[in-house]
Structures are given as structure tokens and as C-alpha cells.
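There are 2 protein chains.
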Amino acid sequence: MKAEILSIGDELLIGQTINTNASWMGEQLNLIGAGLERVTTITDTREAILVGLKTATGRSQVVLITGGLGPTKDDITKYTLCEFFGTRLVRNPEVLARVEDYFTKRGRTMLETNRQQADLPESCTVLPNELGTASGMWFEREGCIVVSLPGVPYEMKHLMETQVLPRLKKQFSLPAIVHRTALTQGIGESFLAEIIRDWENELRSAGLSLAYLPSPGIVRLRITAKGEIREELERKVSEFEAKLLPLIDAYYYGNDNDKLEDVLGKIMLENKLTLATAESCTGGFIAHRITSVPGSSAYFLGSVVSYSNNVKIRQLNVSPESISEYGAVSQEVVEQMAKGVQQLLHADCSIAVSGVAGPDGGSEDKPVGTVWIAVCYKDKIYSRKFLFEKDRERNITRAALTGMMVLRQLILGKIPA
Amino acid sequence: MKAEILSIGDELLIGQTINTNASWMGEQLNLIGAGLERVTTITDTREAILVGLKTATGRSQVVLITGGLGPTKDDITKYTLCEFFGTRLVRNPEVLARVEDYFTKRGRTMLETNRQQADLPESCTVLPNELGTASGMWFEREGCIVVSLPGVPYEMKHLMETQVLPRLKKQFSLPAIVHRTALTQGIGESFLAEIIRDWENELRSAGLSLAYLPSPGIVRLRITAKGEIREELERKVSEFEAKLLPLIDAYYYGNDNDKLEDVLGKIMLENKLTLATAESCTGGFIAHRITSVPGSSAYFLGSVVSYSNNVKIRQLNVSPESISEYGAVSQEVVEQMAKGVQQLLHADCSIAVSGVAGPDGGSEDKPVGTVWIAVCYKDKIYSRKFLFEKDRERNITRAALTGMMVLRQLILGKIPA
Numbered sequence: 002m003k004a005e006i007l008s009i010g011d012e013l014l015i016g017q018t019i020n021t022n023a024s025w026m027g028e029q030l031n032l033i034g035a036g037l038e039r040v041t042t043i044t045d046t047r048e049a050i051l052v053g054l055k056t057a058t059g060r061s062q063v064v065l066i067t068g069g070l071g072p073t074k075d076d077i078t079k080y081t082l083c084e085f086f087g088t089r090l091v092r093n094p095e096v097l098a099r100v101e102d103y104f105t106k107r108g109r110t111m112l113e114t115n116r117q118q119a120d121l122p123e124s125c126t127v128l129p130n131e132l133g134t135a136s137g138m139w140f141e142r143e144g145c146i147v148v149s150l151p152g153v154p155y156e157m158k159h160l161m162e163t164q165v166l167p168r169l170k171k172q173f174s175l176p177a178i179v180h181r182t183a184l185t186q187g188i189g190e191s192f193l194a195e196i197i198r199d200w201e202n203e204l205r206s207a208g209l210s211l212a213y214l215p216s217p218g219i220v221r222l223r224i225t226a227k228g229e230i231r232e233e234l235e236r237k238v239s240e241f242e243a244k245l246l247p248l249i250d251a252y253y254y255g256n257d258n259d260k261l262e263d264v265l266g267k268i269m270l271e272n273k274l275t276l277a278t279a280e281s282c283t284g285g286f287i288a289h290r291i292t293s294v295p296g297s298s299a300y301f302l303g304s305v306v307s308y309s310n311n312v313k314i315r316q317l318n319v320s321p322e323s324i325s326e327y328g329a330v331s332q333e334v335v336e337q338m339a340k341g342v343q344q345l346l347h348a349d350c351s352i353a354v355s356g357v358a359g360p361d362g363g364s365e366d367k368p369v370g371t372v373w374i375a376v377c378y379k380d381k382i383y384s385r386k387f388l389f390e391k392d393r394e395r396n397i398t399r400a401a402l403t404g405m406m407v408l409r410q411l412i413l414g415k416i417p418a
Numbered sequence: 002m003k004a005e006i007l008s009i010g011d012e013l014l015i016g017q018t019i020n021t022n023a024s025w026m027g028e029q030l031n032l033i034g035a036g037l038e039r040v041t042t043i044t045d046t047r048e049a050i051l052v053g054l055k056t057a058t059g060r061s062q063v064v065l066i067t068g069g070l071g072p073t074k075d076d077i078t079k080y081t082l083c084e085f086f087g088t089r090l091v092r093n094p095e096v097l098a099r100v101e102d103y104f105t106k107r108g109r110t111m112l113e114t115n116r117q118q119a120d121l122p123e124s125c126t127v128l129p130n131e132l133g134t135a136s137g138m139w140f141e142r143e144g145c146i147v148v149s150l151p152g153v154p155y156e157m158k159h160l161m162e163t164q165v166l167p168r169l170k171k172q173f174s175l176p177a178i179v180h181r182t183a184l185t186q187g188i189g190e191s192f193l194a195e196i197i198r199d200w201e202n203e204l205r206s207a208g209l210s211l212a213y214l215p216s217p218g219i220v221r222l223r224i225t226a227k228g229e230i231r232e233e234l235e236r237k238v239s240e241f242e243a244k245l246l247p248l249i250d251a252y253y254y255g256n257d258n259d260k261l262e263d264v265l266g267k268i269m270l271e272n273k274l275t276l277a278t279a280e281s282c283t284g285g286f287i288a289h290r291i292t293s294v295p296g297s298s299a300y301f302l303g304s305v306v307s308y309s310n311n312v313k314i315r316q317l318n319v320s321p322e323s324i325s326e327y328g329a330v331s332q333e334v335v336e337q338m339a340k341g342v343q344q345l346l347h348a349d350c351s352i353a354v355s356g357v358a359g360p361d362g363g364s365e366d367k368p369v370g371t372v373w374i375a376v377c378y379k380d381k382i383y384s385r386k387f388l389f390e391k392d393r394e395r396n397i398t399r400a401a402l403t404g405m406m407v408l409r410q411l412i413l414g415k416i417p418a
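Read top to bottom, the protein sequences are chains Z and H.
Following the numbering used here from start to finish, the first sequence increments by one per residue and tops out at 418.
Following the numbering used here from start to finish, the second sequence increments by one per residue and tops out at 418.
Worth double-checking, as some hints may not be accurate.
No distinction is drawn between identical chains; accordingly, a pair holds when it is met within one copy or between any pair of copies.
Unchecked claim - In silico SDA-like pairs for lysine to any residue, Cα to Cα no more than 25 Å straight-line:
| id | residue 1 | residue 2 |
| --- | --- | --- |
| 1 | K79 | R47 |
| 2 | K170 | I15 |
| 3 | K367 | P176 |
| 4 | K391 | P217 |
| 5 | K158 | P215 |
| 6 | K227 | S206 |
| 7 | K267 | V369 |
| 8 | K237 | E95 |
| 9 | K79 | T18 |
| 10 | K106 | E390 |
| 11 | K244 | G208 |
| 12 | K227 | N258 |
| 13 | K106 | G189 |
These are calculated hints, taken from the structure and not from any lab test.
For reference, chain Z alone in the conformation it holds in the complex (with noise of 0.2 Å):
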């Protein structure tokens, strides 16, 4: 099967918006083993679509468009599919009712432009969408799918996910392809190569193909089979994977799609832990990745984000002394943090960091990147020091993580306290 994208959109070739669902798309379309061979981006304007559409069924027997779906004038999207199509908009009221509720709930005064969001063509299996007003467009002609899909990124998703790949497994025969994402944080790339190599060559002999896939903080390794029998192919991932686990035992927290945080908060769940945390450097970030999880009010008490000295003792308890002595940035004041939180908000855990995450505020002695990170496990402490990078995104995510991480390798006894 071959399919494309075709993704509408000025913003993206004038770089105010990048194209991250193609990149989205492309790895859910590499997923259900069906490739992607090309993407194009054009500007919004009814020849460029047009010639796009042409040149695109031409080819490719999957067509996915994304964007112009929006309900102001700039958006033609649907105009130019009607004219491709040969066929005309009618209002659906199925739509319409949708897009009524949506506005009667929030209590918004609905525009005729809203309304004019439930006018779809004729000739298209519309694709209902529960997130927002603009519906996917499913058409077919001469054997060539074309999807039209909303330009925001989750509502994209959610009829992705729901609608178009469930539809095009059922339509295409697609080889059969497994992938299990093994997922590391603390370890850099090369030096996860250096462990698993041996490994690694005894895979790629067996067919198998791995991929390191790089994010701040993180690693995932991909393998990969394809074939014919998935059963077959499913065998050889989990007995390559049983081989690879105790190899990456130090960094390994979870797979495919797990986050951290997710992963953290089963173990607090399962364990029934409650969890606080004291927060410099990171300033929320912790708190907020952990509470982005649906649920996690049934373990996380909440934070203290300590920003300034102040707060750390009149709050935290640390003591002026420490602060003094060996600096904000020092294992001292950290310790403090992370039982000072423990003890203030009843918490059986805590992750307290405390760094310099740039660009200023560094010194030859604690140079921008170094962060101290405690964690509590009940009457445990644990704390090290870590140099992470010169670009204060980039430290703020590596320390969320790296807390986290430590946290759960101290409960589950994989670091002494």
C-alpha cells in the first residue's frame, strides 16, 4: 500500500508552525506496517491543493490531508476537495446537532460560520469528530483513499486513532509487522550501543531491525519484525526482548508508549504510596508531569516549588545555615528539601532537585547543568549529583525525569539508600 500526506498550510512553510503530524502520522502509518513514501507541503490557496490532489491520486492508492478545515475564510480545504470530487457541500444534520451541543455546552453564542462547519460534501463518508467542529472526510475514487482530516494536532489524532487506521487495516492486507519499544532513561545513546552490541548483532542476524530513538534524558529501542505470520514474529521479539531486559536493567523503566510518569505512578498505586514533591530548579515541572497523568490525585498530594531561598526555609524547613555554607545547589540543602516535603504534606515519598538550569547562574565550581536530586523512600534517602546540559529546557526535562527514575529504582530496591 502505498500512501502520502498532503499537508495544507502557509504557517508551515513561512516556519511559524512545524509539520509535527506528518511526523505523527508517518510513525502511526509505519506502525500498522503500511509505508509512507512521500510528504508534501503546499500553501493553502485552491491551485496548490488542486495540483497536490492530482498529482497525489495519481500515485498513491492513500491520500491524507490535514489542515484548512478551520471555519474562516483562509480555510478552503473543503471548497477544493467538492471542486476535485466533482460534487457539492449539503449540511448534515448529525453534524450540525454536534456542533450545536458543543456550543450549548460552553454556553457560546453560535455564528453562522460555526453552523456552515456541518456543511460537508455529498459524495464523502464524513467522519465524525467528538473533539471538535471540523469533521473528517473519507472519499474514494478509481481505487485511491483520500482523507481529509482537522489541522489541530489532537483532534487529527483522535480521528486517526479511531476512524482512518482502524479503516485502512480492514481495507488493505498489510504485512504483518511487530515493534516492542524497550525504554531507558540515564543512559546516553552510545554507551547503550556499547552494552547491548553483542546483542544487538545477534538481533540484526535473526532479521530483526532495532532503532535508537533519542530524546532529552531518554532512549528507546525499537525492534522490529516483519513478515508474514505475526505469531511467528511476536515469538522472536519477546524472546530478543527476555535477552535484551537484564542487559539494561539500570535504565530500563517500561515499554512502548509508557511514560515515567505513568510508570511511577502504578508503583505508587500498587504500593499504596502517597507522593509530595520540592521543586527548584525544575519549578513545577515534576509536579506537572506527574499530575498530567488522568488520576494521579489518588497518590499525589501536591508541591512545594521553592524557588526562591526564602521558601525553602520558611516552608521546607531547610536550614539557613545549610544554604549558606554549601549554596542552594548542594546535597545539604536537597536532603532537606526532599524530607522537609515528606514530613509537610504527610507524603510516604518525595523527589526534591535543586540546580542551575541556565543560562546564567552558573560558576566554575557548579556550572550551568549541575543539579542535585534527593528522593525519600519512607525512612530512605537517596541523593546524587548530576551534570546534565547548557540549555535550560533541556535540564528542566532531564531532571523531572532523572527524579522520577531515581525515585522508582529506590523503591523497588535497585540503588542502595
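Since the structure of chain Z is already known, use the hints to place chain H on it.
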């Protein structure tokens, strides 16, 4: 001048790497008045590259290619360019000297594959790469320019800035182009369109264009003018901007790349104010956004993330009776949170949020998306209920942005206390 980009690389199509290069290049071309008409991302096979080159050179005057120039076997761009332009590789002595120097300085052993980086097509102008071993290549044939650049972002950017953009500016007489973006918070795209309809019609009649660029909680309005004389365009854009701002005063917070947290930070610094947050459903996200700004420690004192009611009561001095009578998501509680954190951390200003982020926890009375926000500015307090969406992440983002915006408006006297 018609330009397009050919991005080469499987990693871009399977979602392993996001095509940030194309986005950055588009922005740079736009800034010099050279329109980018299209970006095509293709696999790194000979066939795909040849088809891509043929199609692109047939319709554009400038084709910029990235990727596929590494030293390994799977990097075939150079060979395919030779085939396309009917030329051959010759070893370039200056490039060879630089590649050798590159390895010597890093104390690394040089392999024959590294030396081959100095083999370049005979018919191209070599663009020296001072940051890596893959040279840029500039071809011209039948009025079409084809430039091949390495895919490593900082090497590509360096070659663009030092070589490609200056050469393009010299070779083409480019139109002047002026963009100005006004940023709004707290109003949807279609309502904004309603408010500025007459202005927008006038703008379009004057030959300027307007784009609505929405993201959760924010709509950016981008005015664009193209023409001959930059000063004339600047004047036109400023004139229309001046008429726009009074219309959107209740929602406007900045221009171009301003972030709300930057804008709020500047207000804090200019007025010598300090800030604290008390966060329930945003779970530390407001503190995170505020502390993502370098230097925010000058005004941000800290936050109490009061996820549990006990933390609201014990740390923030919220009355247990208010919680049991009105619920944690209520005007009474959120106002007590705002005052509580203001007093606790001795801050001039505070932002407090309590809401139902979802997906669970909603009721008929307080459905998912219900968020109470209170802000304090010295002895003034303002609070309001909002109804956002069904999606947890978007609710957190919108609540955070709204909290910052409401505080801005209160300090600037744009809403009554």
C-alpha cells in the same frame, strides 16, 4: 522566485525525526521575501530522489535539498545528483584538507569513507562547510538552481546563513515582505473573526493578507504585506495594526514570538512585583511556564501545588467548611487559595486555579473543563469561572494561559477588581 524544498530521509517519514529543517528554512526564505511554495519529504532511494529532482526542477527556480550526505552507504544523494546532472565525482583538494584537519583536531582516526566526503560533483560550486565534513553543492542548469545541504540542523543552518541566502539575494530581485503578528488569549477564532470583520475586509481590500493561527487558548493573527518598497509595506502594516489593537484590546497580549510568560515576567520586573501560584488542577504547570523564562527567579517566589484538600487547608489556609460547603472547585475556595499563597510566600501577586481537568471527576454541576481562576494583585482580587474542554492536557494548558492573562489584565487595569 519560486522555491521548494526536497527533504530526504526515511527517518522523517516514519516519525523518528520531525522535519524542523524545512520549517527553519521556510522561515528564512520568507524573511528575505522568497516564497517557499512546497516541501516534499521523500525516502532516500535513488528512484525517489530522481523523481523528486525531475518534478521540482520542472516547476521551481530554486530547489533546496537536505539530507543523505553522510559518510555511510545509505547516503546516496551525492551519487544521485551526479546521475541527474550528468557529471562525475572528483576529489576536491581543499575539502580533503579540511576533512583531514577536522579529524586531526579531534584526534580521531580517518577512514576511507571519511576521505570520500571530499569527492564532489565536477559541475557544482562547492559550498564549504566549516562545521562538518559534508559540503554543500550548488548546481545551475536551464535557469534552475539546485542546492544540496547536509541534514544535520546546525550544519545546514550555517551553510544557509553564510552561503545560500546571500547568493539567492544577489541572484534574484526579491519582493519586499513584511509580517506582523498580534497575539490574543481567551477568544476563539470565529469570535475574533466576528469582532474584526470590517477591519479584515478593509485590510484585504488594501491588498494585505491575514492568517488566523490557533493553538490551545491562543489565536495568533498574522498580517502580511508584499510589494516593492519595504518602508511602504511597514507603514501599511503599522497602520492596520494600529486600527486592530483597540478592537482586540481585551484579548491582546503581545506580538510575534512573545510568550505570555515572557510578557507577564516583564510586567513583574517593570513594576518590581513578586509572584506566587497556588495550583490544583494545573498541577504546577503555571509555575513551570513561568520558570521556563530565564531570569524568572528575580520575581517568581514559588508555588504551592495543592493537589489534595489537606494541602489546601494546611498550607494555603483554605477553610475546611468552604470545601465541604462549596466543593474544592468553587469561587470561595479558589479565592482563599489565591490569598493564602500570596500571604504564605509574601508575594505581591498570585494566581490560583482549581478545576476539573478530566477525564474523570466531572459532575452535572461541574462538568469536565470547569475551572475556577482567582488572581490577586496587592489588595485586589478577581475571580471567574471558565468552561474549557474535555481534554485534560488542553484544559491544563488553557487554565495556565488564562491565569497568566487574567493577572496581566488585572495589573494593567483592564478588568475591574
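Is it within, between, both, or neither for K227 and N258, if the alpha carbons may be no more than 25 Å apart? within (20 Å within a copy, 44 Å between copies)
Under a CA distance limit of 25 Å, which applies to K367 and P176: within one copy, between copies, both, or neither? Neither: 53 Å inside a copy, 47 Å across copies.
When no copy is specified for K237 and E95, does a C-alpha distance of 25 Å or less occur within a copy, between copies, both, or neither? neither (47 Å within a copy, 45 Å between copies)
Within, between, both or neither: K391, P217 at alpha-carbon 25 Å: For K391 and P217, only the intra-copy Cα distance (12 Å) is at most 25 Å; the inter-copy one is 30 Å.
Should K106 paired with E390 be assigned to within, between, both, or neither, using CA atoms and 25 Å as the limit? Between copies only: 10 Å across chains, 46 Å inside a chain, cut-off 25 Å.
Using 25 Å as the alpha-carbon threshold, which applies to K244 and G208: within, between, both, or neither? within (16 Å within a copy, 65 Å between copies)
Up to 25 Å between alpha-carbons, please classify K170 paired with I15: within, between, both or neither. between (35 Å within a copy, 17 Å between copies)
Is it within a copy, between copies, both, or neither that the alpha carbon of K158 lies no farther than 25 Å from that of P215? both (23 Å within a copy, 17 Å between copies)
Up to 25 Å between alpha-carbons, please classify K106 paired with G189: within, between, both or neither. between (48 Å within a copy, 15 Å between copies)
How do K79 and R47 come out at 25 Å by Cα distance, when the copy is not named: within, between, both, or neither? within (10 Å within a copy, 35 Å between copies)
Given a CA cutoff of 25 Å, do K267 and V369 count as a within-copy pair, a between-copy pair, both, or neither? between (33 Å within a copy, 23 Å between copies)
Can you give me the call for K79 and T18, within, between, both or neither, at a CA distance of at most 25 Å? within (21 Å within a copy, 30 Å between copies)
Of the numbered hints given earlier, the model fails hints 3 and 8; all others are met.
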